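Asks: Here are the chains, one letter per residue:
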Amino acid sequence: MEARTYELDKKKPKSRLVLTLVFIFFGITGFLVYTSFFNPELGESLTGKVIKNNQQKTTVEDAADIYAVLEAPSKLELKPIATKLSIRIEKQTNLYVGNQKIEIPNKASIILDDFDGEIKIESRTIRELKGKSSKILVDGLPITQKSGSDNNINLESGPFEFLQITDFFISSLSYTTSGKININQDKIIITLDKEEFRIKDFKGNMDLTKNNLKLNGVIEKESVDKILGSIYKKQAEVSES
Amino acid sequence: MGREVVELNADGKKKRFKIIKSNNSRKLYIPFYLMLIILLGTIFYIRVNNKPLNYLALVMVIAFSVIIILGTEIHRLYNTYKITENSLIHIMGYFTKQSKRMDFNAISDFYIVQNLWQRIFSYGNIEVRLYSGDTTISVKNINNPSQFIDIIEQRIRSMGNQPYK
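Going down the list, the protein sequences come from chains A and B. Heads up, the first sequence is in this note's numbering, so the first residue is 1 and it goes up one at a time. Heads up, the second sequence is in this note's numbering, so the first residue is 1 and it goes up one at a time.
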């Protein structure tokens, strides 16, 4: 007599589940490899850049023109998405593009197109500059990474002579400084003397030298009111005393 | 191995024996663990080579790893096999449990079924046949099946009843 196998369970479509898991595994592996080695932009368009663009506005509503020449802040930290970033280095340093190390000679200029990253400046020195750029030029010569298309850049810490960020957005900037602010083509001219400069939602260009910070662009009108308000308040305090 | 139980005989004497409990072997899930190793290895390689690591891909890898680890552990718990003093019990289910108790006196013989992969990793299935001949129990994907059979045979012998081979 043929033996009957005792089965408590009903047959389940186990092979289908395993096959699904295998497909998911290959999908994830493929996506991981493709977005890391072949097309990093694909991943950014799906995640990173979309989020960043949401976080960082590209337009300033209810804006006023601003042109300001101020004393440079001792410390500045920015996370810009800029059309162009230009730096003139003071002393020899190294720039890393992916795995590639590039020696930057004294007084050399670096231009980074479509820069998306982070800059930390302290005591007239670039402490950190890292991010991505679509095109890198060192003294006018284009740099491309040897292995792959991504341009992950990292600049070694060092002093700079000049830094220019073109067409970028910052949500806020605040520090105590002296200088002159020109709002809406000379309609309002504010002179600061060791007073707090605070702006919100700036879009435009920034030039930073060792001593000066120049801003040329647009800011939220509310920021103008705040600058004026803080000045009136200070003047009132002085006259009262 | 196993949990020690003390029972009283019909004559009132204490009798000690161990209940041996076994679930599916983790070796069954080696292909899934290999998938995790490959994914985590790829992430490690990406980080070491300073390549951009996509956030969405990272989240997917973490989610997949959690699903695999939890899934395999939950799947393992579905089938439990217990060797008591005089019976083999197959318990199945998570919340609603079904169990089949097979007395050692009723067992005629065992078959070990192993494919190449199972032989390499030393796990497999055991088919337990009964004297009645019309039913068998399948002990599936158990670690070291010959040792499992040895334990049952030892228990049968201690009952003074040699299994028929």
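No wet-lab data here; the hints were simulated from the structure. Just so it is clear, the structure is predicted and the values come from calculations on it, not from any experiment. For glycine and all other residues, C-beta sits at the position ideal for the given N, C-alpha and C. Check the hints yourself; a few may be wrong.
Looking from chain A toward chain B, a few residues come up when the C-beta cut is under 8 Å (computed) [stated by the list, open to error]:
1. Phe25
2. Thr29
3. Leu32
4. Val33
5. Thr35
6. Gly98
7. Asn99
8. Gln100
9. Asn184
Asks: All the hints need checking, so say for each whether the structure fits it.
Replies: Here is how each hint holds up against the structure:
no.	hint	in the structure
1	Phe25	holds (5 Å)
2	Thr29	holds (6 Å)
3	Leu32	holds (4 Å)
4	Val33	holds (7 Å)
5	Thr35	holds (4 Å)
6	Gly98	holds (7 Å)
7	Asn99	holds (6 Å)
8	Gln100	violated (10 Å)
9	Asn184	violated (41 Å)
In summary, the structure is inconsistent with hints 8 and 9 from the numbered list given earlier, while agreeing with the others.
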